[in-house]
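Q: Please model the entire structure based on the sequences and the hints provided.
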Amino acid sequence: MSLQNFMLLSAVLFSVGLYGVLTRRNAIAVLMSIELMFSAVNVAAVAFSRYATPSALRVDPATVAEGAVQQVLTGQVFALFIITVAAAEAALGLAIIIAVYRSRGTVDVTQVNLMKR
Amino acid sequence: MISELQAWAILLLPLASFSLIALVIRPFLGSRSRLSGYVTILSIGVAFLFSLIALRSTLGHEDAIGWDFHPWLSINGVEVRIGILMDPLTAVMLVVVTGVSLLVQIYSQGYMRDDEGYTRYFAYMSLFTASMVGIVIARSIVQIYVFWELVGLSSYLLIGFWYHRPAAAAAAKKAFLVTRIGDVGFLLAILYLFLQRDTPAFQGRNPLEIPDILQAAGGAMTAFAATATALGIFAGAMGKSGQFPLHTWLPDAMEGPTPVSSLIHAATMVAAGVFLVARFFPLFEVSATAMTTVALVGGFTAIFAATMGLVMYDIKRVLAYSTISQLGYMMLAIGVGAPAVAIFHLFTHAFFKCLLFLGAGSVSHATGTFDLRFMGGLRKDMPWTYVTFLIAALSLAGVFPLAGFWSKDEVLLSAWRGEVTVHTLVFWMAFIAVFLTAFYVFRAVFMAFHGDFRGGAQAEHPREADSNGAGGVHPVHLAESPMVMLGTMLALAVLALGAGYVANPLGDLAGIPAHWLTSFLGQHEDLTFNLGIAGASTAVALAGIGLAALMYGARRPSPEAVGRVFGPVRTLLLNRYYLDALYEDVLVRRVFYRGVARLLDWFDREIIDRFVDGFGWLSRNTGKAIAPLQSGQVQVYGIVISLGLLAVLGAYLIFGR
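If you read the protein sequences in the order shown, they are chains B and E.
My numbering applies: residue 137 is where the first sequence begins, and numbers increase by one.
My numbering applies: residue 480 is where the second sequence begins, and numbers increase by one.
Hints in this document: simulated from the structure, not taken from any laboratory.
Quantities reported herein were computed from a predicted structural model and do not represent experimental measurements.
Do not take every clue at face value.
So the derived label-pair ranges between C-beta atoms look like this [said to hold, decoys possible]:
no. : chain 1 : residue 1 : chain 2 : residue 2 : range
1   : B       : Phe-217   : E       : Asp-1088  : 54 to 62 Å
2   : B       : Phe-217   : E       : Arg-1089  : 23 to 31 Å
3   : B       : Ala-226   : E       : Leu-1128  : 25 to 33 Å
4   : E       : Arg-1089  : B       : Tyr-155   : 51 to 59 Å
Coverage of chain B stretches by chain E, computed from C-beta distances (three or more under 8 Å per stretch; other residues unrestricted) [to be verified]:
no. : region
5   : 167-181
6   : 224-237
The beta carbon of each residue, even a glycine, is placed where N, CA and C say it ideally should be.
A: Below you can see the structure in the form of structure tokens.
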């Protein structure tokens, strides 16, 4: 397995998600598509964390400092954060969708266009 | 010896009175509070005392008393400092200004008693006096200019005091604008001096301080620089002192309350111009061109204004033209090289002209009119007014031995003495003007005080007896004016009688040395009394009085018959040589309104407004064109953002390395 495969997976996931966001009319489906895009980012982050090792590690393993280890783990920590934030975002998004449904009787995003000129 | 603080107090006291009335008395005690009058009289009275101390301290001093300067501004290496220049000229002017002003304020107590704007009146009067004192004591030319403009402002406020009358508002505006024309010349002179700061003439000197300017004028200043500066300063003086051709504002300034006219004509406004030229006399002296200009303008104004005084029916207008004419005498005296004589004439003129105006005010107080055609016979009802007016008229006419005689004689003498043609020319102008002066002032005397009463305000305005405008309906009540008015008039009458000889006697007189005033003011060669000229001018004056008596007293020949003989001339004079028409119709309406103003209006409308409108149009329509993009469809926004991001990334991939 090389970095390219992960990148490819990430790109496909991201594109599928983006396509969903831009084309689905149902707000819940849009929210789900956004989750797909988050996953794509997570895959990319973890893959980079695994494959793109900082040069400091490679030159002299004896002097690996604690900071370098933290740098290696940055991508994984980021993925964890994204998962957390995505959960919060999903909860908030669903709450908004419910509020919109209560006031307008629909969850079709093309109908929610109060902000137009 | 006067201290600097006392000298400043002469300026600051009236200024304090103005602030006190404007900020405390008028807002809190109402617009008719008597207190304002008392405050004004008190402050100007104390200022008058200090002025006397100042005069006493300058006696026996050749040089000006010099106090330290106070720094004010620094512009491009030139320090603008303020300070007091206390020399004989200043001291004499201070006494005249504060003294006459004090008398006028006391008189105003009676004259303005029932006016709605009582406190406002005294506030303006304090400011007016303070501004004039400011000019007189100034040591820096910038300082003079500041107070010069303040005089302009306060005269504007006072001439337009009854601003609800359109004529008064127009007269105030006219006075302000016409004097502004001269002031531009003055300002240019100041700027020119400022630009001279690096020339050899001003090496180690300050080009904005009067003593330095005068020293430079006597030293290394080039002839051109001296002439240019002197003419600029004279332009300012012409505006303020009503010299031809900037005299038109002065007769119109009669729209203000009479005591204001009296103050303007005697001590403050118009005297400022004469004072200014006298102050910068060493500068004028080095330039023959400037001296000739001053002499000719003065001489011409003297005779020119006197002719217009011959036919006016408004008593105040007669006096106004008389003032212009007398100011011509003063300018003439400066122009022939005798500034001390000019100030001497200013000194005596202040008293009798002030008195004439106060007399006119007293007359109108009784009759409700200023029109000589509706007066007559007032001698019986107002004996004191008559006597004082007569004294002032004789003094103005220059009859021996009243004050006016002595100063006018000196003016004529200084012109006679000169060997230049110009001096001879202006002498004859002034000489003829003596006859005209005697005639027009006694024409006024006979029309107002002799014969039978012709009805006053009620005859002038048969329908509505509202002629005064100040106090609404002004009934005719032929009686002497209140004591407070008469008292000041009597005091002035004494001065108009005696101030001439006492201040400047021919020989030593009870402790006063011969030619005291003129030699005090720096003229050391005595003018020897010339019996021929004195006799001739008195004879001519008496001839003028006699003619007035024949025409307006005995009516042989009657004025109407004479008027018919001189028909076209009379029309020309009544229309004031059509100069007002020329200025207002041709210059203002045709050239200015229809030419300059219209051009600027077109430019404003077509270029500037179009440009501004174009900007508005552009942004409005750009907004309109782009607005539909905001569709409210969040997914469309998303597509646009994604495509934009792709475009940026694509550009990076293609051009990025």
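Q: Just pull the numbers of the violated hints for me, sorted ascending.
A: 2, 5 and 6
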